[in-house]
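Q: Read off the chains here:
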Amino acid sequence: MSPEVLAFSKEAQAELESILQAYPTKQACLLPVLHLVQREFGYISDPVAEAVAGLLDIPLAVAVEVLTFYTLFARRPQAKYVIQVCRGLSCALLGQEELLVYLKNRLKIKEGEMTPDGLFELKTVECLGGCGESPVVRINETYYELQTIDRLGSVLNELSKGPKREA
Amino acid sequence: MKKVIKILTQNFDRDDSHTLETYTKTGGYQAVRKVLGKIAPESVIEEVKRSNLRGLGGAGFPTGMKWSFISKPPKKPVYLLINGDEGEPGTFKDRTIMTRDPHRLIEGVLLASYALGAHAAYIYVRGEFTFCMEALGKAIEEAKEAGYLGKNILKSGFDLDVYVHPGAGAYICGEETALIESLEGKPGRPRNKPPFPAVVGVFGCPTIVNNVETIAHVPQILLNGADWFAKIGSDRNGGTRLFSVSGHVKRPGVYELPMGTPLREILYEHAGGIIGDIPLKGVIPGGSSAPILRPEEIDVGMDFDQLAKIGSMGGSGGIIAMAEGTCMVWALHNLARFYAHESCGQCSPCREGTGWAEKVLRRIEGGHGTASDIELLEKIAKGMSARTICPLADACALPILSYLQKYRDEFEAHVREKRCPVRPKRAA
Ligand SMILES: Cc1cc2nc3c(=O)[nH]c(=O)nc-3n(C[C@H](O)[C@H](O)[C@H](O)COP(=O)(O)O)c2cc1C
Ligand code: SF4
Ligand code: FES
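Those protein sequences? They're chains F and U, same order as listed.
Residues in the first sequence are numbered from 1 upward in steps of one, following the working numbering.
Residues in the second sequence are numbered from 1 upward in steps of one, following the working numbering.
Calculated pairs, DSS-like style, for lysine-lysine (alpha carbon to alpha carbon, straight line, at most 27 Å):
id	chain 1	residue 1	chain 2	residue 2
1	U	186	F	26
2	U	144	F	10
3	F	123	U	186
4	F	108	F	123
5	U	49	U	38
6	U	359	F	123
7	U	359	F	104
8	F	10	F	26
9	U	75	F	26
10	U	359	U	379
11	F	10	U	138
12	U	193	U	76
13	F	26	U	193
14	F	26	U	76
15	U	231	U	49
16	U	25	U	144
17	F	110	U	359
18	U	151	F	26
19	U	231	U	25
According to the in silico footprint, chain F covers these stretches of chain U (three or more CB under 8 Å from chain F):
id	stretch
20	86-92
21	245-256
Treat the hints as calculated values from the structure; they're not laboratory data.
Backbone N, C-alpha and C fix where the C-beta goes; we use that ideal spot for every residue, glycine too.
Chain F extracted, bound-state conformation:
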């Protein structure tokens, strides 16, 4: 059924089946399926978006409109670690701006950019819903709370040790 671009792992295939059963319309599966394909392939390329649209019987234009409306979907390959600095008010009150300056200097990139080795990407995001432990930085899906320049520095040191993103 699924076109070749959607060559899923076994677990992902099982997840897809359960998503398809959870909703009365196929289009309602769109967000969960987009999350699934992004987890599988790292980002949502044009062919993948087209295949998802085909799978759910919706026009490609609709799938693309949805993709671009939501901030969590990536349209191009991501760095191995996407660093999301919360710029919400509570974090800003407790030192978020200094963290951002530190990260820009250390990684030598601006917001929205990726380091040349593909290891880190720097973003600012709106309130992450962790304001009780501000300032908050989210790296991929992990929340790092009560961050200071020192703590964040050690986190980056640790992450830099691992293998780089595969080409």
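Given chain F, put chain U with the ligands in place with the hints provided.
A: Okay, now just chain U with the ligands, sitting in the frame of chain F:
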């Protein structure tokens, strides 16, 4: 200080508070046994009405009354949607229920679905909260195995399936009709009302949207009775609520306290006072959309009606404290930038207004503003009030007007001195 009453957080200090075992050992799923197939759905709705439970997602709408808008018998399937989008800046409470006591929410969903005649419920979780989705997924599996979900629950003849739906990073999807659109697999753009969701909601069917915390209150209400719950709170505001406290306080965190608890008590007793014992400069009492309060206003009782009376709002219960040394123009600019970023763009007063407000505030804050910019800002805020599809535009306009009113001298000083006269960043 009143005596400590814990309803939602009673199990939070146990390591295994998220398990079915702990929940059932501490009275969990007893309300379901008492109610399902034994008490009529209409009586359940009556009980919730009498409890004075208010919607804790932001609007404070009486929950029982909202439920009674579903016409009976329904002509189409009824859906219950649980709002776990938790996007209002300064709010971080629903996540604690989803991770630390997910069964309380599931039992609430079950009871609410029974009252409404819904056989499918979706919990819409903000996309970043993958840990909440995992915790809920596991709890739903546990509940299914134990016979609390699925077909013929506890032999009552009642069926219910509960699903977790992931959001994808858009604050506006917390607005209930945007949430419905998003669940249908569309961009999260709010719908025009009427028709209201109770008439035409998700998939064209009657739908109720309730916040996570609201629904998590339902089991104990039905177990202990409406009077018990109503008495805990203040006038027309039943029970407790989870206050998220952040910003310049010594002990930020989530505090469960009776409705109507004075803001001063929350800030200075529970949250430990202001960092460095610096004087308070201002406090947002109900999430970033709530008009700000000055230090002399913090004796207000924290419930929907008392806050409305002094021109602010209870909102999401997110309290953000700002100490002396915080630049109010800078703080307001931070909020305006947020709303400009999150406007869905359908209504021009909102799309243009939030964008302009952000630009003007950036100008004033940077010392490049003129006296007419302050008036312009006021005009922009008034121009975007009460004329849009959803309340996001007002959520931006109301704070702007309140900061301008209560800290006007600070805006004027920026313009006069052509720089920020306050230390612009953190106070401590
Ligand atoms: C812009 C906007 C954002 C909102 N965000 C949330 C949210 O993140 N969580 C929530 O529960 N309610 C949110 N609401 C309120 C919902 O529209 C709705 O009133 C609520 O989910 C109803 O549940 P309740 O009656 O139990 O409070 C938001 C409203 C607006 C206008
Ligand atoms: S008020 Fe703003 S967010 Fe709400 S529908 Fe209109 S443009 Fe969208
Ligand atoms: S402001 Fe940063 S997590 Fe809320």
